[in-house]
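K.L.:
For reference, the chains in residue letters:
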Amino acid sequence: MVPCPVAEPSTLPVELTINGHQVAARPGQTILEVVRAQQLDEIPTLCHDPRLQPYGSCFLCVVEVRGSPRLVPACVTRIRDGMEVTTRSERILHARRTALELLLSDHYADCLCSGHLACPAGVDVQGYISLARLGHYDEALDLIRERNPLPVVCGRVCVRKCEIQCRRRAVDEPVGINFIKRYISDHGDGRQTRPGTIVSTGKRVAIVGGGPAGLTCANYLALKGHAVTILEALPRLGGMLRYGIPAYRLPRGELDEEIGRILGLGIAVETGKKLGRDFTLADLIRRDRFDAVFLAVGAPLGKKLGIPGEEDVAGVQSALDFLGDLELHGPPRLHGRVAVVGGGNSAIDAARTALRCGAEQVTILYRRTRQEMPAHPEEVEAAEKEGVRLELLVAPLAILSEHGRLTGVRCIRMALGDPDASGRRRPMPVPGSEVDYPCEFLLPGIGQDADLAAFRCEPGETRPAISRSATLEVDPSSMATSLAGVFAGGDAASGPSAVIDAIAHGRLAAEAMDRYLCSGETKGPRTPFVSRRDAFGPLPDWLFGDVPRVARQKMPQRDPRERTKDFGPVELGLSESQMGDEATRCMECGCTSAFRCDLRRYATEYQVEVARYSGAVRRHRVDMSHPLIRLDPNKCILCGRCVRTCADLVGLSVLGFSGRGFITVVGPALGRPLAESSCIACGACIETCPTGALEARLPHGRQGPWKATRHPSICGFCSLGCRLDVHVVTHGLLWATAPQDSARGGDLCLKGRFGTGLIHGADRLRRPLVRRNGRLVETNWGNAFHRAARVLLDCRTQAGSDRLAVLTAPRMTLEECSLTRHLARTALGAAQVGSFGQTRRGGPRHDLDSLFGETASTCLREDIDAADMVLLVGADPSATHPVLAMAIRRAAKRGAEIAAITSSKIDLIRGTDLWLDARRGSAGIILAGVIRLVFQRGQIDRRILESHPPGLEDLYRSVADAVMDEVAGISGVEASKIEGLAERLASRRRIVTIYDLDDTIERSTDDLSALAQLLLVTGHLDRPGEGFLLLRADCNAEGAKLVGIADRIDPGRIQGALVISENPFGDPGSRQQLQDLCSLVVIDHVLTETAKAAEVVLPAATLQESEGTLLSCDRRVQEIRRASRPAAGLSTAEVLCRLAEELGHPAGTADLAEIRAEIARQLGLPPDRLERARDRREIWPTRCDPSRPLHFRPIRLRSTASAADVYPYASLDAYLDRRLAGMGSAPP
Amino acid sequence: MHRSGIHGRPGESVTESAVQEVVIGLGSCGIAAGGQRVYDRFAELLHPDRDNSVLKQTGCIGLCYREVLVEVRDRQGRRTVYGEVSPERVDRIVAEHLRQGRVLDEWVVETREVLARQQRIVLRNCGAIDPASLEEYRARDGYRALEKALTGMTPGEVIDVIAASGLRGRGGAGFPTGTKWRLARAAKDPQRYIVCNADEGDPGAFMDRSVLEGDPHSVLEGMAIAAYAIGANRGYVYVRAEYPEAVRRLRHAIDQATRLGVLGTRILGRGFTFHVALKEGAGAFVCGEETALIASIEGRRGMPRVRPPYPVESGLWGHPTCINNVETLANVPWILLNGADAFKAYGTAASTGTKVFALAGKVRRGGLVEVPMGITINEVVNEIGGGTISGRPFKAVQMGGPSGGCIPAWLGNTLIDYEQLTATGAIMGSGGMVVMDESTCMVDVARFFLGFTQNESCGKCTFCRIGTKRMLEILERICAGRGKNDDLGVLAELGEQIKASSLCGLGQTAPNPVLTTLRYFLEEYQAHIAAKRCPAKVCLALVEFWIDPEKCNGCGLCVAACDASAISGEKKLPHRIDTGTCQRCARCLTVCRQDAIEKR
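Residue numbers (the numbering used here), protein chains in the order written: chain G, 1 to 1228; chain D, 1229 to 1828.
Next up, chain G with everything else stripped away, as it sits in the complex (with noise of 0.2 Å):
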């Protein structure tokens, strides 16, 4: 096919006008492209991904262009001299909105979970339970505070409306919330998170009352930075959760720690100052120049019977007033009997006190039935058990007394009509049916009002209007009442509720007055987009048909005899077992994309109404086939970015589109689940998707939503070194993505994805191990490390340094690996130091050092992208280097040929008609074979000819029997193919060549010499973008080769060895050539079959708790940051200097800085040479030089006998195979 021109380059900048400004742009470039690169506006988009070709299909960034009629796709449309775009207009915002609004209406998902929606505060319950069941307390009770400073007392006494929506109850009960909220106050961290420092804004603000909503608002202005008084009437802080609450179900030593919490973050308290008695609105903004109130003064006036005899007889009293009095003077001493009346948590509180307070005999008189009572069916049940009485349906009509002393209350039987405002059924009286309650004590609990008194002396200008319901007035969306400046929540404002409305209240007035004080305005803030599964009507069964049936957590209570004894807790708190059990409950109902997904951003931004367009919805069933990714249709907005993804970067079309119109859905051909099809679970899908059609699924067993911080860090799976960033929520808590910040975004494969995260998960080593009593059991590290220098040392005393070594997988750091070269010649005086692993595989290898002087590539994998030929002799990239496989099928699509000499039939070779179908062990004598040709032909490269190195007629000769017949023969390749290879390499196409140094199965006799100098020969290894990758199974086997410690292993002489992230005894073989070893200490990240035999375990840090320096295969040198802190506390690297102190050779320097100089020193570099080359990411400064003199050398023609032996000995590899083959069942 005749290659496809390229438009004229044209070098003159394109001229045109986006929103009335003259703008010069790059030819070529899109009306988005430029708008972005020169920050001209921000246009929306979702099916847009600068990665790939442009597509414009979800028709957000429309714009307008001059002459064009219709709206433009912005993502598509190329620039032209003269346009004139505009970016922001009524139509186009208009569109915009419309487009959002069409993508919503058939978007059959929840953003958030129905609890985290229901609760007032809008607390993120699925996000706490997911951090509890993980055991991050502390995370998770700073997840509570940022919209709840009061956890301890919610977890106490929320009404939970979370609970009351849950959707566990479409299964079988809800899940028990708000006790494992209560789990989390009480074990987690108590202290609040203060952000480093709070600035202060010189704002002051007075807080009218120091109950629930005062608090809280008192809070969130602190933590804004400004300074916050609180005033209140009553002797304590607290408001009805002190005054009205009792202490056995919030206890007060609790309640006052919380308190003080917040008052720390360094809040003025007065007490015993009433509004209208001790000061006015007035005088906090006149006077005292406040410059915000809040007004949470409460609702703290209990209402009135309204019966005769109600205010002169002695024995009745509100049953605020008595748990009020209660907490201000001490119990009283009750006796007889006592009614209650009401059917509200305030009634049930004061029957339950009085009991407590010595009534002999305590009943309810509510006019309902139980069904209406608005008090928790907890509470009403736990005051049954303690002996409270329930009297239903009556309503009292009069007090009956006896020379001014209460004798009992005069009812009336009660039937319930019809339903009222509040959809209960009317209670009405049934005439002629009166009854006495004789009582000593009556205590009315039907209700509170707020004390409006306290405004009738302020002047007309600062008396805040008060609405009809005898309620302060204020918009919903900011709290701000009728005054400028003033704002007011809580009870006072909404009449009685609850902690959690209150708490509501004065969340949403912080935030209002933060803006009121820092810009003036008062309007509330924009609520977050919310797309939710029930306005699409009522749920279909078959989305909870597979959730098992888990019967709720009993809460454990004091026995009721002893618990009404005394004032001491009730309830006592799940156990953590209990509570595991219970937030495994969670359905994760939430989309796990919530933080992340751009389609609620923009819906956000562009204030869309679902309702406008609603219709059908599709309903799909979520794919969770497969263990690592979750693809749910309800959710995909069909942009095809994983369709392209897969197909144009990946290189793989397991993703497509079926169906026509609205019926459309993307996913795996024919229908089936993703675990059936060729996803080879690179996740690259799950990158581009803009919403949560696609997912990860973490490796922890809980999915969050989590917002974590991102850092940059470097897989440390194969030897490519791809970047990547971490994403860490908490230590032991994270996940891994490609980079952000280049455009091409970098592509990562299964591992790095998935087992970036998975290795920090619940295997972890996290204390070190001794043998103790033919046990391993924990012990601190300085027993440890004193354990194991005895170990050593007697091992060296016994039976002589050359018994002893140090066996490790250069997985490591450069540094950690200078340092076990440190500990291992100098402070152990180890014989060998070197990893098992590659011995057995062969190595280490030095096939080409007599040639460049080392055995290292000579190309980056970056040349990959410019090369016409990728040759892969015994490599398997899409096995053993996925991304460099990913790279090659991108080459391949923009025509690349692909050639491969192996003996199995690898994934790359599809569709290619260059592979030679190798016989085991044969490729160094078909590459003889093409050498011969070469020479034959005289296809000879020129300068070889020229310049005529020595050696070249050694190679001639060494080459002569491979004729082409005995060749095809031996290899069992077509003679046609061989030279079809030969007739490739002649020619001046530019070739990059894939050689696996790792692969034992492949590899025969001076195959990767043949290979050098066949490139050498053909001219193929000295022109810039050409050259040979030497693939390496350790992610820095490069860096410890320079260092020294990769030597060849003998291990029948190991009698005492320290073990650095090995695994040998995992296989048997090897454990049998080991078999004299018994003197073993091992460092490594979890408990391996060789650790397990060990008398010292230390536990290692991952790469991504680690800092340093990596070489990958193609000897990049590349910085590793520490993204979060080592599982046990200290680095590899200070274990190893540790180690090194104790055995009496400190390392000299732990400063990884030094460390570089000194390893720059040894090989003879400038000392900064090293650093240089990390800050530019640039190739190892002594790469070898294919154009140093050259002496070529024979090649030896023999078949070798494969040894297959592929057992990965490096134990994260292992444990990671294992770990995901098992992975996609129950969570842990």
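Since the hints were made in silico from the structure, they are not lab data. Any given hint could be a false lead.
[Stated by the list, open to error] In silico BS3-like links for lysine-lysine, alpha-carbon gap of 27 Å or less:
1. K1507/D <-> K893/G
2. K1799/D <-> K1779/D
3. K1779/D <-> K1827/D
4. K554/G <-> K385/G
5. K893/G <-> K1092/G
6. K893/G <-> K1416/D
Since chain G is already given, all that's left is putting chain D on it; use the hints.
P.N.:
Relative to the frame of chain G, chain D by itself:
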């Protein structure tokens, strides 16, 4: 030259001949009407020697409403066309006409009226020649235009002639063909393609199919000329797999042409090489859109992409590709042979030549017609089509298929011309012309066409995929009597937005049927919504079934047919329908032999 077929004047003696010919119309329309059985019956009855008759077949003659058509060219040189021929009628035709020379007047189709206003350029061979016979095509100047181009004209001169003729793309958009060819020729990339778009997908349109079935060589010749003009050496015919007969005849024609040396390497012994391959589309309407068509030929899912770049710059595999419709290409040989001026003699200044229409719907004489541009809609419907079947005035004409719109009868004097039709809100389109009378509900029509585009949307663009669905839902609601007052506003607004914000022609035109009916028949929508009434009595939810007691004879057939048991009545006495229980299935309507059941 042998002149035959329905182009000559009926009854006129052309040549005296010893042999009489029997030509059976075996286009898809003829086959569907039972043409093959008629053919077989003739073959059975006619004795080769004794009857001295030759049995032939041809493509669609155009009078589809009278299929099966059989033309007899007898020894006297008379040409007689028989309509609605069944195998039973064949016996009499053979016995009386062929053997005794007596014309069976009662079965003769009067073609004069139909053909008087027509001008056949594209259909010049359709119904006249055996499509399987290259000789017959050549006998009618076939491949002479190609020869003329190759031997006497430079590619530039060919383009000049086409440009001068004013030929515009007959696929619907009407882009000047000469300009398109010139752009393709100007491309720097030497690898160029010519594609014949034969993915005819409009409901009710069958022009391309008839041409491919009736005269495949004219399309191939047009392609070869186009290839010569733009410098392409490869061509594809993208034809729907649902046109098996067209596919078969095309394949056959390609083989013949290649053997003859008018396709393939060194065509007519010159240095021009042109290979044609057939690509069968899987029936996705959107694949008629040129970028989606390209994707489909390349083996990808047929999804349109943004233009520019236009296919003439970057088409198949990134190479310049000129895509022309079947009808456009069939015009090309005629223009080259007869000259640009001959072509321009027909039509208006901006719309030259002729246009083929598939006349369908409630028209008396449905079929394929080719008329000069500039004729009015009224002329086509009333004079050629013979008005409506019911005899009452037509109500509207739907033109341009799902991308087009409904033109009301009061605009019947609109000239058939690209610009004039576009001004009405409809489009020329590829030539579907559906005639509607007062028994057609315009809301239902809009619903039908929108349902079609919704199902055929490739799913790429938000507005087209979901927007049309929401519009469709509103229309369905209106038809079901659940329309809301603000529905019409939403329809109009959403329709405009879909037009403004879609990538390809399908989406950009999908709302047209709705928008034009809203524009011309607003009161019909309002009747559905406000009065819950369907004036055309089509929307079943809005009609009541009623038995005319005058007509009902109490036979009870309707009672047996009614699943809802909504009909009652004494035997032999007028029955009645209980509207409350009636499910409006209309089954009673179909079983009643007295025509007593009415919708009201």
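K.L.:
Quick one: which hint numbers does this structure break? Sort them smallest to largest.
P.N.:
Hint check: 5 fails alone, others pass.
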